[in-house]
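Student: Assemble the whole structure, with the sequences as input and the hints as a guide.
4 protein chains.
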Amino acid sequence: MSRFADRKGPIRLGMVGGGTGAMIGAVHRTAARLDGHFDLVAGALSSTPERAQASGADIGLDPSRIYDDFTEMAKREARLKDGIEAVAIVTPNHMHLPAAREFLKRGIHVICDKPLTGTLADAKKLQSAADKSGALFMLTHTYVGYPMVVEARTRIAAGELGDIRLVQVEYAQDWLSTAPAPDNKQADWRTDPARSGAGGATGDIGTHAWHLARHITGLQPEALAADLQAFVPGRALDDNAHVLMRFEGGARGMLWCSQVAAGLENGLRIRVFGTKAGLSWAQEHPNHLTITPIGGAAQVITRGLAETSQASRQRTRIPPGHPEGYFEAFANLYTDAATAIRAHRVGEPLPDGLIFPTVAEGVEGVAFVDACVRSSKRNAAWVTL
Amino acid sequence: MSRFADRKGPIRLGMVGGGTGAMIGAVHRTAARLDGHFDLVAGALSSTPERAQASGADIGLDPSRIYDDFTEMAKREARLKDGIEAVAIVTPNHMHLPAAREFLKRGIHVICDKPLTGTLADAKKLQSAADKSGALFMLTHTYVGYPMVVEARTRIAAGELGDIRLVQVEYAQDWLSTAPAPDNKQADWRTDPARSGAGGATGDIGTHAWHLARHITGLQPEALAADLQAFVPGRALDDNAHVLMRFEGGARGMLWCSQVAAGLENGLRIRVFGTKAGLSWAQEHPNHLTITPIGGAAQVITRGLAETSQASRQRTRIPPGHPEGYFEAFANLYTDAATAIRAHRVGEPLPDGLIFPTVAEGVEGVAFVDACVRSSKRNAAWVTL
Amino acid sequence: MSRFADRKGPIRLGMVGGGTGAMIGAVHRTAARLDGHFDLVAGALSSTPERAQASGADIGLDPSRIYDDFTEMAKREARLKDGIEAVAIVTPNHMHLPAAREFLKRGIHVICDKPLTGTLADAKKLQSAADKSGALFMLTHTYVGYPMVVEARTRIAAGELGDIRLVQVEYAQDWLSTAPAPDNKQADWRTDPARSGAGGATGDIGTHAWHLARHITGLQPEALAADLQAFVPGRALDDNAHVLMRFEGGARGMLWCSQVAAGLENGLRIRVFGTKAGLSWAQEHPNHLTITPIGGAAQVITRGLAETSQASRQRTRIPPGHPEGYFEAFANLYTDAATAIRAHRVGEPLPDGLIFPTVAEGVEGVAFVDACVRSSKRNAAWVTL
Amino acid sequence: MSRFADRKGPIRLGMVGGGTGAMIGAVHRTAARLDGHFDLVAGALSSTPERAQASGADIGLDPSRIYDDFTEMAKREARLKDGIEAVAIVTPNHMHLPAAREFLKRGIHVICDKPLTGTLADAKKLQSAADKSGALFMLTHTYVGYPMVVEARTRIAAGELGDIRLVQVEYAQDWLSTAPAPDNKQADWRTDPARSGAGGATGDIGTHAWHLARHITGLQPEALAADLQAFVPGRALDDNAHVLMRFEGGARGMLWCSQVAAGLENGLRIRVFGTKAGLSWAQEHPNHLTITPIGGAAQVITRGLAETSQASRQRTRIPPGHPEGYFEAFANLYTDAATAIRAHRVGEPLPDGLIFPTVAEGVEGVAFVDACVRSSKRNAAWVTL
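Chains as they are written, first to last, in my numbering: chain A, 1 to 385; chain B, 1 to 385; chain C, 1 to 385; chain D, 1 to 385.
The hints are simulated quantities; they were obtained by calculation from the structure and are not laboratory data.
Worth double-checking, as some hints may not be accurate.
Unchecked claim - Some residues of chain C that are not near chain B, with every Cβ distance over 12 Å (derived):
1) Arg51
2) Asp69
3) Ser128
4) Asn240
5) Ala251
6) Gly253
7) Glu265
8) Arg271
9) Thr290
To be verified - Cut-off 27 Å, straight-line C-alpha distance, at most; resulting in silico cross-link-like pairs (DSS-like, lysine-lysine):
10) A:Lys75 to A:Lys276
11) D:Lys132 to D:Lys185
12) C:Lys124 to C:Lys81
13) D:Lys124 to A:Lys377
14) B:Lys105 to B:Lys75
15) C:Lys124 to C:Lys105
16) C:Lys185 to C:Lys105
17) D:Lys105 to D:Lys124
18) C:Lys185 to B:Lys276
19) A:Lys81 to A:Lys124
20) B:Lys105 to B:Lys125
21) B:Lys377 to C:Lys105
22) B:Lys185 to C:Lys124
23) C:Lys377 to C:Lys132
24) D:Lys105 to A:Lys276
25) D:Lys132 to D:Lys105
26) D:Lys377 to A:Lys185
The model shown is predicted, which means the values in this text are computed figures rather than measured ones.
Beta carbons: idealized from backbone N, C-alpha and C, even for Gly.
Tutor: Given below as structure tokens:
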């Protein structure tokens, strides 16, 4: 039976950030709602009180659960009998640590948008806060929620590719190809070191690519060498990065992330090559995974086919040929978060096989950005990880 | 501002059919939930009382709103102060008429799965019931909810292809290539004339293809000639159909629908050719629409690009490159239904531009099946529509 | 060892038609040259003496072998000690019969462009002339020369798809979407019944689609029903056709050919579905063949892979990933013609497995056109084949 | 009028290397023959006399023009009244210099397979020999002969992409994924430093990728950093390389070449991104070029469309939709070589716009390999070019 059957007992969820007009906040709300496991009941949706109130009203929150300030929200919700069990943090990067800390220390689970933080120092503090808390912490590396990413990972783990030799991963967009319009909020904070942190493209999307490569292959990174650029005049953060990667055991790879790749939209793509076969997956066509044996015919595997693994099949909702997309991938993370939270409710250990990016993975992501920046400053010298 | 922002005042929804294990019931529930406009609060999810109770409990309905019988449900909900405003009917075809009638006559809006009914006689009765009712009626021809179908329709209406000459539409699957296992409920009723009605593939998916062709082009059908087959031994209904089409004004077309096209999954695809340009859209890659001017380079337009129409852009939730799929298309219908219902609440006329397949379109679909069957019996003679 | 190794003893070839500016004459010359089996040594390249002389000079023929008239050419070459062994006939359709007859009756092999003739009466006369002649006759249905068409045919013959149920074939172009410019020679004769014959699109490209379907599947046609159109005002011949097909044994199919499919270039595509699997091949991406088992992953097979059949592999020249195209497919026919001619030289029977479309296949093609025209005149009634 | 019309006066061509069974020799012969500009009349096809004789006989050379030794061939052909005007050198890399030198110093034009030589020292000597000679020298970087590469170059030169920021180029194969069988001649010499030279994958295919990037963009390289691997145990030369590139003016790029990318066939692909638009071309689907404006719909341009440049259109032979491939691209180089040689015959300057990779470009290619090797030995330090 499908785990997507509706269940009793939704989880009470709050949100920090994600006011009217913010893209990723709306995405989190839709993802949380899609499988019916969460009820959004409280929010501090903006750091501007007026906007926080209007945004909360706009999404139909009970006025008594609309907060101007996340600390106040954490304090009050923690005391309410039916207070939130979990909070989604969807602010700019620099606020992840202060916001998460308030909830974690009160035992409220945190579902946090990526990257973990803007700086490595903050990341370590957040890890420490999460480690000390009895509550759960999930980082929403959306793309590992796609069923065919699960399939790729499962097949690699089973040895279908043989020993991994090569990883080619890229995440290229064009939306920051020019200096953004002043009212483009998404672009504004992402190009501002004070809010975005040390990385531009590396932080915003390079961390996704890095996480995906790590997650799919299970390879341990050894070192990287990075050449970062800021192509748009006056830009303070990288908008493009070329990275060489070395993994333990001898595998090698390249990572490219870009916000100035003219005409590309959300071009996350990974290819992995082993001693027996290769595979390829592209986020913009996420319902298919291609396996290419050495010297043989390519196999194009559709999400949900009988021959796919149980791990990927249980993360689809409809038969092959009915496309699922970004929201369904995101919802898979929320649904695994729900499973974890429900286990936590009753004191059970988390079930095996959850797709649940951890705070430690988040620290690794920020360490990746930090290493890229350090390497690039030293003219793309190798930096050990 | 996006119309997907969460809003106050969700619509109270009931469901008839869609018990545990039924595919399309779960799809309707997810679609209804995705944009946050509906609350599912009541259901008669199965015609078997025990299964109705268990299924209702499974999805967390209040026990007092779980019904063993849709007539009882219609009666009681109509009297409740907070009774349902709308009902989703997701039973096998032969129950659409009796179920819909009970709700329509009590002023409860109906969102009905396709095809409208199993027989043309039933279709006309349902149309009459809908026409007499003050309530709204929507038929869920899912595929017209895809933003790039909206884009195709908008561009054709604007004359971008010139005068339409040709329509090539196909909907091919392979899931009924062999006699289905006895416990395959989806297959069981769809291959049974008593429950499916006059058409097999023609009814289940041919009606989608036909509706899509009509909806995108706006062409008025004149006549068709159909050659129907039942390839699987012992099958009582068609599992494949080849149809020639003639439209008013001289356009011509072909329609192919099949449940025995080995290796195809959910292959709905339409191509339209005019005096200036052609277009192509395929459901399995729904985020792109291809326009092909005579003698020129193809243009591949992604969902959500600035150059797309307002009508398609307002039906997307995320930027280009973040794939949307089947659920989002389905949710677009539910969201337009919500808009219509909210207008109806306050006595306003329905806004222009809704994607809202009507009961009349449903009758046309069943008339298409009827014409196919009649034509095929007369050796593919032309049947006027 | 490859059969493409250059060999001693090229075959002396003549050409009728194909003067300067004619597309298909140049194609035949290139195809004949590609594998090095032919030397073009004589020609009557135009029915206009001045143009015949200039065209012959232009391609470097010896002035003594440039003829103003094909009858004169046939007579003289037949008497020369080193006269031509074979002739390529690349005139408009109405000249195929008179030209071929002159060479066949003198024992000169004929390689003739398709369709065989413009009318069925002519086709039967040409068949009779070929049957009486000791010389060989090949019709250049180019597309069956593609290695992946050979692969498709081989796999179907071996039962890989199971019993064939469905054939979907289409050949759609847009180059006659409007009335052609007066100086467009290609378009001019193809839209003129006196030179093209009974069929427009049906004759020019429908015959290719029909031949491909027959050749790949080996199915015997039983009947067809055709709806033909002439969309461009004033056009005397069909420029679009929709055809239903019935084959012996119960297989069914559809054929679409069009010269007014806006934005399509040379869209020949075939899909075949059986009781076990389906396959798909598209001429515009000819180096790949897709096999789709019921309910399983698609296999994309590249030309030249080790797992392909000997029959297709011996018709490729370079490893997978190095694309071959239209000329190489065409050259495969010429090379099989050379093999046949060399066997004929020494009185040996033709080797098995040649790709060598016969005059009988040509008659079938013209019979297809004839049946389409008759059916369409009777409002798409079935016509037995 | 097409430049592919056959012309009088073919060019007498010889060949060094390319004995029976050698892949690239047969490719050169086919390419030289395709447009009818060359007659192959002499050859020293193997360094083994017996094999040289057998191979010459096999392709039908006059016995008096079959040589056991290229020096002897150069000497004798230079004295013959109808001796060769040009020679194709298709030996392993280490023989390019000695062979080419013999012909260049006798005024015989050289068409040489890539890379120019195995070592940089040899490359400079060959450049010197070519510069001193009155004869022409062309290096067959096949891929720049593709019409859509010409189209890409033309559009970039015209500013259609704006200022170039990024170049992503890759050339990945899998044919050396394992230690080759002992009788695999192609693999044998390519993995032997004595014959292949300093580079493995870098030399054999990296030079193609590098040349393509330089040729299409016109960018001047400044420096590179390379991480080379030999994944197959015991392999003496690199079989995979990851290269960072910096160009004058600030453009940046990555180059990946591999012979161990499991399941890839001949995966040469280039993407270029500028301040206005990007483009993408893939050798395995060479008839299309994709242009992607920032934030806009992709344009897929087919070879031969009216909107393509004269420079690319004159290098096609057939209308859009009729695929050309590897041989036609190769033949474009041979045809431009023929044009150059004919100009040289009559003492005219070479016409503008020839696709004619020079000895200087060949030196650059070997310098690229040399820089990769030096950089990799220094742990991927930057090496100035």
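Student: For every hint, state whether the structure bears it out.
Tutor: Against the structure, the hints:
1. Arg51: holds, 28 Å
2. Asp69: Label holds. Min Cβ-Cβ 37 Å, cutoff 12 Å.
3. Ser128: The assertion about Ser128 of chain C holds, with a minimum of 35 Å to chain B.
4. Asn240: violated, 7 Å
5. Ala251: Not fine: 9 Å to the nearest Cβ puts Ala251 of chain C too close to chain B.
6. Gly253: Nearest chain B Cβ is 8 Å from Gly253 of chain C, so the label is violated.
7. Glu265: Violated: least Cβ distance 9 Å, not greater than 12 Å.
8. Arg271: violated, 8 Å
9. Thr290: Violated, since 8 Å does not exceed 12 Å.
10. A:Lys75 to A:Lys276: violated, 55 Å
11. D:Lys132 to D:Lys185: violated, 34 Å
12. C:Lys124 to C:Lys81: Since the Cα atoms of Lys124 of chain C and Lys81 of chain C sit roughly 32 Å apart, the hinted pair is violated (cutoff 27 Å).
13. D:Lys124 to A:Lys377: Between Lys124 of chain D and Lys377 of chain A the Cα gap is close to 36 Å, so the pair fails against 27 Å, i.e. violated.
14. B:Lys105 to B:Lys75: Holds: Lys105 of chain B and Lys75 of chain B sit about 10 Å apart, inside 27 Å.
15. C:Lys124 to C:Lys105: Holds, at roughly 16 Å.
16. C:Lys185 to C:Lys105: violated, 30 Å
17. D:Lys105 to D:Lys124: holds, 16 Å
18. C:Lys185 to B:Lys276: holds, 23 Å
19. A:Lys81 to A:Lys124: violated, 32 Å
20. B:Lys105 to B:Lys125: holds, 13 Å
21. B:Lys377 to C:Lys105: The given pair, whose Cα atoms are some 51 Å apart, is violated under the 27 Å limit.
22. B:Lys185 to C:Lys124: violated, 56 Å
23. C:Lys377 to C:Lys132: violated, 35 Å
24. D:Lys105 to A:Lys276: Cα-Cα ~49 Å, so violated.
25. D:Lys132 to D:Lys105: Answer holds: Lys132 of chain D to Lys105 of chain D is near 8 Å, not above 27 Å.
26. D:Lys377 to A:Lys185: violated, 46 Å
Going through the hint list in order, the structure does not satisfy hints 4, 5, 6, 7, 8, 9, 10, 11, 12, 13, 16, 19, 21, 22, 23, 24, 26.
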